[in-house]
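Enquirer: Please take these sequences and the hints and turn them into a complete structure.
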Amino acid sequence: MLLLVASLVGHGALLVWCYNRLHALDWSRSRVKLIERTILLVSLLLALVHLALAADRELWLDLGLLAHPTWGLDDILLTIYPLTGLVALLVAIPQWLLPKLNVGPPAILVAHTQRRLDLRQELQPLPLGTSRGRFAAAIPFTEILQLQIERKTIRVPHLPAELAGLTIAHLSDLHLIGDLTETFFSRIVDETLALDADLIVITGDILEQERCFDWLPGTLGRLRAREGVYYVLGNHDKRLADPGDLRRRLDALGLTPVAGQTLHRTIRGCSISISGNELPWFGPAPDCSKLASSERPFRLLLTHTPDLYPWAREHQFDLMLAGHNHGGQIRFPYFGALVTPSLFGSRYAGGLYDEKPTVLHVSRGISGQHPLRWNCPPELPLLTLLPRE
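Take the sequence shown: its letters are residues 1 to 389, numbered as in the UniProt record's numbering.
Since the hints were made in silico from the structure, they are not lab data.
Each residue gets a CB set at the ideal place from its N, CA and C atoms; glycine is no exception.
List of simulated lysine-lysine pairs, BS3-like, C-alpha gap at most 30 Å:
1. 238 x 290
2. 33 x 238
3. 356 x 290
Estimated spans, in silico, between C-beta atoms of each pair:
4. 84 x 124: 50 to 58 Å
5. 25 x 124: 40 to 48 Å
6. 387 x 37: 48 to 56 Å
7. 151 x 388: 16 to 24 Å
8. 125 x 6: 43 to 51 Å
9. 370 x 333: 20 to 28 Å
Expert: Structure, rendered in structure tokens:
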């Protein structure tokens with residue numbers, strides 16, 4: 001029985017592995033859903049067939065079948081199916097479970113404070129615009145109407161001493177779709193402005209329903225920062241009939257696009273480059289050859305998916321800001337996030353990562369297509385940058 005449970009857990013891990021990578025690809029939504037449901041259906045059928053065949057046997061896994069000269073189909077299913085699950089589990093343990101034993105704040109994190117706002121208590125009537133949103137908000141212990149303001153002081157490479165203390169408010173994954181109302185997002189903007197950041201950045205998945213366009217002036221249109229407000233789009237923004245319409249509206253409201261380009265700014269007398277990469281959903285990537293110079297600027301990269309972390313490291317960015325993974329939305333004690341739409345699985349679900357030469361910050365985001373969060377509240381981070389010692 002213990003081996004049976006281990007095998008089923010292994011098959012579950014294999015399903016999660018497939019789901020995470022499938023949702024990281026630039027495929028149409030209908031294609032992804034079709035493949036997802038096919039994999040789930042086939043997996044369920046194989047499990048049921050295996051259990052049915054094993055019901056009349058004393059041993060669910062007859063290893064003696066390995067020496068049988070002529071296997072029948074039932075013998076193959078009774079042997080191959082559980083062995084596949086066990087192999088998947090043995091692979092998952094070192095690749096996913098064991099690294100969580102060493103989870104802790106990276107050395108670059110100098111200080112970290114948190115403040116939780118209960119918007120369920122502060123916003124009345126509740127900012128819920130759909131029956132789905134109201135249903136999700138009624139689920140016990142849900143955190144979709146919580147907001148965690150996180151102040152993180154971090155050390156980053158190549159930051160000039162003159163820029164010590166530079167602050168960046170990192171918004172991501174707002175998902176203006178109607179489940180949460182304009183009132184909710186207006187409050188998010190209020191809290192962002194209260195942080196008084198030098199820069200504000202938005203790393204994708206901003207709006208995917210045209211009916212929410214009218215919300216933009218009263219929400220994101222109010223964002224202002226001393227050194228500018230910059231944005232890239234994400235995969236959900238591609239669901240609009242014309243994503244360019246969203247770009248034009250944001251630009252008209254004073255937000256600065258950085259997709260596929262590098263902007264050069266002077267802050268406190270120091271040069272800084274701000275690049276944007278929206279791959280794999282929008283292209284092209286910025287031309288990083290222009291960054292090579294004898295006077296190297298501090299390099300900031302905005303992306304939607306953390307899957308571009310290897311690309312950022314290859315091109316020597318100092319700080320990369322991303323979202324997309326929502327922290328997993330549901331985080332289990334010790335195990336953390338399971339479902340994250342990434343080629344790396346839950347490796348970069350949310351938080352800080354330091355893999356030289358690039359520091360990565362992944363925001364848990366503000367909302368999501370599926371309004372469900374547990375042990376993973378929406379996040380509004382303020383990053384304070386210090387030079388690396």
